[in-house]
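Undergrad: Sequence:
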Amino acid sequence: MPNNYVINDNDQPVYVEMTNTFRAPDISAPPEISASQAAVLFSANASNSATIVLSLLSAVISVRISNPSGSGRTLYLSRISGSIGGTSVLTSISGSFTIVKGGTISSPSTVTPVNNNLASAAASSMTVQSSTAAISGGTVLANVQIAPGVFNPAFTGSIIVPPNNVISISVSSSSAAVGTIISALSLNWWER
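The working numbering numbers the first residue of the sequence shown as 27 and each following residue consecutively.
Keep in mind that the hints were calculated from the coordinates and are not lab data. Every residue gets a Cβ at the ideal spot worked out from N, C-alpha and C, and that includes glycine. Among the clues, some could well be false.
[Stated by the list, open to error] Cβ-Cβ distance ranges computed for the label pairs, FRET-style:
| # | residue 1 | residue 2 | range |
| --- | --- | --- | --- |
| 1 | Val-115 | Asn-190 | 42 to 52 angstroms |
| 2 | Thr-165 | Arg-105 | 33 to 43 angstroms |
| 3 | Ala-148 | Val-176 | 24 to 34 angstroms |
[Stated by the list, open to error] Using 25 angstroms as the maximum straight-line C-alpha spacing, the simulated SDA-like pairs for lysine to any residue come out as follows:
| # | residue 1 | residue 2 |
| --- | --- | --- |
| 4 | Lys-127 | Asn-141 |
| 5 | Lys-127 | Thr-182 |
| 6 | Lys-127 | Val-154 |
| 7 | Lys-127 | Arg-105 |
| 8 | Lys-127 | Ser-212 |
| 9 | Lys-127 | Pro-189 |
| 10 | Lys-127 | Leu-82 |
| 11 | Lys-127 | Val-86 |
| 12 | Lys-127 | Ala-203 |
Based on the sequences and whatever the hints tell you, model everything.
TA: Here's what the structure looks like:
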């Protein structure tokens, strides 16, 4: 009896061939595509800059997303992207990126989330605010040092914010070199 490979050829890793042919043709895509088609994928953006003249200075931007208790929706964090940079000497700029469960921000400004399906007028159920102050309180989920340039971690729905919960994200950059520094933050999430 010959050695027939049930799942795949012997020179391929497991599950590279389609094993479920219920749907044809085979379509693989990240969940954000379906969320955008269903008009439940949203974006929010914020940034802050500071001018350095004589000493160390920082530019902080924080975004707080609150899922109200009566929203009937759950937030699935898709991606956080942002950057630090500016006209200050790039080698002198350093920064950090922090994700906090809960947390509060001082002097918040309202941010209106944008629906990523440009043909839809559906609005987000979340309350989004930004601040140029750091996050206070809450439980830190991640705190990462970042270099000048862009960062773009994908979470693909792995951070979940049910009703009556809050997630806060902050980017901070600092420099002692004369010039301008900028911290920018962009969030994507879907709701269901």
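Undergrad: Does the alpha-carbon distance linking Lys-127 and Val-154 stay inside the 25 angstroms limit?
TA: Distance ~14 angstroms between Lys-127 and Val-154 Cα, so the pair holds.
Undergrad: Does the structure keep Lys-127 and Leu-82 at a Cα separation of 25 angstroms or less?
TA: With Cα atoms ~29 angstroms apart, Lys-127 and Leu-82 exceed 25 angstroms; violated.
Undergrad: Taken at face value, is the distance from the CA of Ala-203 to the CA of Lys-127 at most 25 angstroms?
TA: 33 angstroms, violated
Undergrad: Could you grab the alpha-carbon distance between Lys-127 and Ser-212 and see if it respects the 25 angstroms cut-off?
TA: Distance ~18 angstroms between Lys-127 and Ser-212 Cα, so the pair holds.
Undergrad: Need the status of pair Lys-127, Arg-105: alpha-carbon distance at most 25 angstroms?
TA: 16 angstroms, holds
Undergrad: Per the hint of 24 to 34 angstroms, is the separation of the Cβ atoms of Ala-148 and Val-176 within bounds?
TA: Holds, since Ala-148 and Val-176 (Cβ atoms, about 29 angstroms apart) stay within the stated range.
Undergrad: Quickly compare the C-alpha distance for Lys-127 and Pro-189 to 25 angstroms and report which way the hint goes.
TA: Holds, at about 13 angstroms.
Undergrad: For Lys-127 and Asn-141, compute the direct alpha-carbon distance and say whether it is at most 25 angstroms.
TA: Roughly 24 angstroms between the alpha carbons, so the hint for Lys-127 and Asn-141 holds.
Undergrad: Hey, Lys-127 versus Val-86, does the alpha-carbon distance stay inside 25 angstroms?
TA: Measuring from Cα to Cα gives roughly 18 angstroms; hence the hint holds.
Undergrad: Do Thr-165 and Arg-105 keep their Cβ atoms within the hinted range of 33 to 43 angstroms?
TA: Violated: the Cβ-Cβ distance is about 21 angstroms, outside 33 to 43 angstroms.
Undergrad: Val-115 and Asn-190, beta-carbon distance inside 42 to 52 angstroms?
TA: Roughly 45 angstroms apart at Cβ, these two residues keep to the hinted range, so it holds.
Undergrad: Between Lys-127 and Thr-182, does the CA-CA distance stay at or below 25 angstroms?
TA: 17 angstroms, holds
The structure shown violates the earlier hints numbered 2, 10 and 12.
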